[in-house]
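Sequences and hints are given; from them, build the entire structure.
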Amino acid sequence: AQSVTQLGSHVSVSEGALVLLRCNYSSSVPPYLFWYVQYPNQGLQLLLKYTSAATLVKGINGFEAEFKKSETSFHLTKPSAHMSDAAEYFCAVSPYGSSNTGKLIFGQGTTLQVKP
Amino acid sequence: GAGVSQSPRYKVAKRGQDVALRCDPISGHVSLFWYQQALGQGPEFLTYFQNEAQLDKSGLPSDRFFAERPEGSVSTLKIQRTQQEDSAVYLCASSPTGSGGSYTQYFGPGTRLTVL
Numbered sequence: 001a002q003s004v005t006q007l008g009s010h011v012s013v014s015e016g017a018l019v020l021l022r023c024n025y026s027s028s029v030p031p032y033l034f035w036y037v038q039y040p041n042q043g044l045q046l047l048l049k050y051t052s053a054a055t056l057v058k059g060i061n062g063f064e065a066e067f068k069k070s071e072t073s074f075h076l077t078k079p080s081a082h083m084s085d086a087a088e089y090f091c092a093v094s095p096y097g098s099s100n101t102g103k104l105i106f107g108q109g110t111t112l113q114v115k116p
Numbered sequence: 001g002a003g004v005s006q007s008p009r010y011k012v013a014k015r016g017q018d019v020a021l022r023c024d025p026i027s028g029h030v031s032l033f034w035y036q037q038a039l040g041q042g043p044e045f046l047t048y049f050q051n052e053a054q055l056d057k058s059g060l061p062s063d064r065f066f067a068e069r070p071e072g073s074v075s076t077l078k079i080q081r082t083q084q085e086d087s088a089v090y091l092c093a094s095s096p097t098g099s100g101g102s103y104t105q106y107f108g109p110g111t112r113l114t115v116l
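As you go down the protein sequences, you meet chains A and B in turn. Last residue of the first sequence: number 116 in the numbering used here, and the count goes up by one each step with no gaps. Last residue of the second sequence: number 116 in the numbering used here, and the count goes up by one each step with no gaps.
Note that these hints are calculated values from the structure, not bench results. Where is the CB? At the ideal position from N, CA and C, for every residue including glycine. Fair warning: there could be bad hints in the mix.
Distance windows between CB atoms, simulated [stated by the list, open to error]:
# : chain 1 : residue 1 : chain 2 : residue 2 : range
1 : A       : SER80     : B       : PRO70     : 42 to 50 Å
2 : B       : LEU116    : A       : THR111    : 24 to 32 Å
3 : B       : GLN83     : A       : GLN2      : 23 to 31 Å
Below you can see the structure in the form of structure tokens.
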């Protein structure tokens with residue numbers, strides 16, 4: 001079965017510092033990969049997604065992620081953290097294949113804290 | 001345009017009561033998903049509709065859970081004889097197409113269910 005592992009349930013950075021949130025997936029065939037952000041009492045919002053085009057994916061709010069097949073990873077980065085980036089971040093996969101309904105398998109989430 | 005809406009936003013039920021949670025997807029979206037998010041966890045897939053057809057209900061945890069989408073738009077998730085372990089946020093998501101895992105899912109704000 002497909003699974004997603006997010007290393008670090010809690011990450012704390014200073015404002016202006018690099019943000020790195022880690023995500024690894026388990027699959028013999030590269031799936032579709034997503035990063036979502038969740039602010040308190042709100043639904044999930046898509047940051048970016050990988051759908052087998054470019055391996056470096058740029059998303060909203062200055063975030064980007066790089067798909068590395070050899071490492072089965074899809075880590076999320078942002079060069080300079082803002083206070084407004086404090087939220088819960090989820091990595092998710094959707095298995096590749098014609099029978100796939102598109103359901104998402106989520107990681108446990110990483111809480112990003114940004115310190116002034 | 002309007003996003004995915006869910007009602008009620010908060011629901012408190014006594015153990016043993018039945019509850020019904022409503023999801024209004026984005027107009028014209030073919031696919032509709034329900035997810036369950038326990039406290040501190042990532043969302044977990046419950047069920048999937050393509051128009052009015054329920055094509056995947058593999059994530060429903062027990063036969064107390066039932067979902068429907070009779071006219072291919074609004075969906076209702078019903079939980080009978082609620083138990084404390086049903087306490088969670090129930091998220092609804094919709095996407096414009098009927099199949100494939102590369103399409104973005106748009107999430108509603110969720111319904112927080114607390115079972116006392």
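Checked hints:
1. Distance hint check: the CB atoms of A:SER80 and B:PRO70 are about 49 Å apart, consistent with the given range 42 to 50 Å.
2. The beta-carbon spacing between B:LEU116 and A:THR111, approximately 27 Å, falls within the hinted interval of 24 to 32 Å.
3. Checked against the hint of 23 to 31 Å, the pair B:GLN83 and A:GLN2 passes, with Cβ atoms roughly 28 Å apart.
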